[in-house]
Amino acid sequence: MGIAYFVGPGLSVRLDGRSLLVQRDQQPPRSLELIHLRGLALFGRVEVTTPALLALLAVGGRVVMASRAGRLRAVCLPARDRSVRARIGQHRLFFSPAAADLRAAVVGRKILAMAALLRRCDRNRPELSLRADAQILLDAARAPLPATPEALLGAEGAAARVYWSAFARAVVGPLTFAGRRSRPAPDPVNALLSLGYTLLAGEAATLLHAVGLDPAIGFYHRPFRTRPSLALDLIEPFRHAVVDRAVLLAVNQARFTQADFEPRGPRASPRLTQPALRRFVTIYEEAMLAPAETELLGPRAAGCVRDALLGTCQRIHRLCSRAGPPQADSGRSAA
Amino acid sequence: MNRPPPNASLVVVAYDTPDDRRRRRLARLLDDFGKRVQGSVFECWLEPPLIEHLTRRLARAAVASEDSIWIIPLSRGGESAVRTIGQAQPDPPPPFWVF
Chain E
0 MGIAYFVGPG LSVRLDGRSL LVQRDQQPPR SLELIHLRGL ALFGRVEVTT PALLALLAVG
60 GRVVMASRAG RLRAVCLPAR DRSVRARIGQ HRLFFSPAAA DLRAAVVGRK ILAMAALLRR
120 CDRNRPELSL RADAQILLDA ARAPLPATPE ALLGAEGAAA RVYWSAFARA VVGPLTFAGR
180 RSRPAPDPVN ALLSLGYTLL AGEAATLLHA VGLDPAIGFY HRPFRTRPSL ALDLIEPFRH
240 AVVDRAVLLA VNQARFTQAD FEPRGPRASP RLTQPALRRF VTIYEEAMLA PAETELLGPR
300 AAGCVRDALL GTCQRIHRLC SRAGPPQADS GRSAA
Chain Y
0 MNRPPPNASL VVVAYDTPDD RRRRRLARLL DDFGKRVQGS VFECWLEPPL IEHLTRRLAR
60 AAVASEDSIW IIPLSRGGES AVRTIGQAQP DPPPPFWVF
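Protein chains in written order, with numbering that gives the first Met the number 0: chain E, 0 to 334; chain Y, 0 to 98.
Warning: the hint list may mix true and false statements.
List of simulated lysine to any residue pairs, SDA-like, C-alpha gap at most 20 Å [as the list claims (entries may be wrong)]:
id, chain 1, residue 1, chain 2, residue 2
1, Y, K34, E, E32
2, Y, K34, Y, A87
3, Y, K34, E, V58
4, Y, K34, E, L20
5, Y, K34, Y, S74
6, Y, K34, E, D15
7, Y, K34, E, R29
8, Y, K34, Y, E78
9, Y, K34, Y, A60
10, Y, K34, E, R37
11, Y, K34, E, S30
Quick caveat, the hints were computed from the structure, so don't treat them as lab data. Small disclaimer: the values here were computed from a predicted structure and weren't measured.
Build out the structure end to end from the sequences listed, making use of the hints.
This is the structure:
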């Protein structure tokens, strides 16, 4: 039911009956009941024994592995029967004219989420004068979006320029933010945003795998090697409604300072210290467990934010399933 | 008391059986799902699909003509109405862990 985050190095996880025993260095181990675990998120060098991994997978848990700096490395899922109908339907949709509508929907929801966050910031901090920027984005989201991928990229880019300029004005804490940049993130605020997006994308990728879809075949984010393009499509509104909002609050409340980041030179993002990374994943989890707000995530958002992400994944799955051959999961010919 | 996970609710399972082997089997089964709070009473924090799964497992392990099992799910948030005397306290798992 819950995710356990492990920030290495110095951590080991082994199986003990129906529990996992977690030990940091020589400290007394702590016990986690398998029945309460939805999955593990491992950052850096964390030793997990094979029996522990297999026991977690056997109860349906998933494992996401990232580098110590937060770059997604691997996803580990149970090898279970999954619907192949949905995957065939996903491939069909990708090549169909309906993909254009899906692309537009991704961008439309993204821009709406940007507008909603700025509107919320404006209500809380009217002195920042964000209302006009929010209105520009709202108008852009409500207008008919262009049909071609290139024009959609342009529309997204134009919206992003307005959004990030306004977001920068909303950052008033001790850390500075001049605008969104990544690969590498040049400063702590960008590093926090990138880390939050990585966590979101990792969750979305495991959800998509679990329902039998291919996270690499997206509609708006074009397939590119192993990039989880469909996961990136899925998380677009959540980037702003959840991660940006959580990072903004944390930075403005001075929950992170420069001392929480280790510089790694001009070609790498600054890296959070171990205690700061633990603090960040706590903030991220609290954001994902908070009630999903329809103002930020749209009218179909229900339950907590994580439920809303799952709901979006399930809708994509249903769409792809409808496009797939009904007999695909019966073992008979899929033709 | 920890804030429980968002979709989990408190489920109290109480069982009685005249057969020692079945009693031990039921206890082992319930150990995988929750915590023993009294001799034949377990406190479990479960999401709805797991409640169904547990019910099916208990049904397979019990002999209906001889055994008696109560599975009492409280509504979400219902644990706040639970009254205890002495050392007992509902003990939900946290919604997440950070090591």
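Comparing the hints with the structure gives:
1. Among the hinted pairs, K34/Y with E32/E is consistent with the structure: their alpha-carbon atoms are about 10 Å apart, no more than 20 Å.
2. Between the alpha carbons of K34/Y and A87/Y the distance comes to roughly 12 Å, so the proposed pair stays at or under 20 Å and holds.
3. Taking the CA atoms of K34/Y and V58/E, the gap is near 18 Å; set against the 20 Å cutoff, the hint holds.
4. For the proposed pair K34/Y and L20/E, the alpha carbon gap of about 17 Å is at most 20 Å, so the pair holds.
5. Our distance criterion of 20 Å between C-alpha atoms is met by K34/Y and S74/Y, whose separation comes to about 19 Å.
6. A distance of roughly 16 Å separates the Cα atoms of K34/Y and D15/E; the hinted pair therefore holds under the 20 Å criterion.
7. Between the alpha carbons of K34/Y and R29/E the distance comes to roughly 16 Å, so the proposed pair stays at or under 20 Å and holds.
8. Proximity of K34/Y to E78/Y is assessed by CA-CA distance (about 15 Å); at most 20 Å being required, the pair is judged to hold.
9. Only pairs whose Cα atoms come within 20 Å are accepted, and K34/Y paired with A60/Y is accepted, the gap being roughly 18 Å.
10. Using a Cα cut-off of 20 Å, the hinted pair K34/Y and R37/E holds, with the two alpha carbons roughly 18 Å apart.
11. The straight-line distance between the Cα atoms of K34/Y and S30/E is roughly 13 Å, inside the 20 Å bound, and the hint therefore holds.
In the structure shown, no violation is registered for any of the earlier numbered hints.
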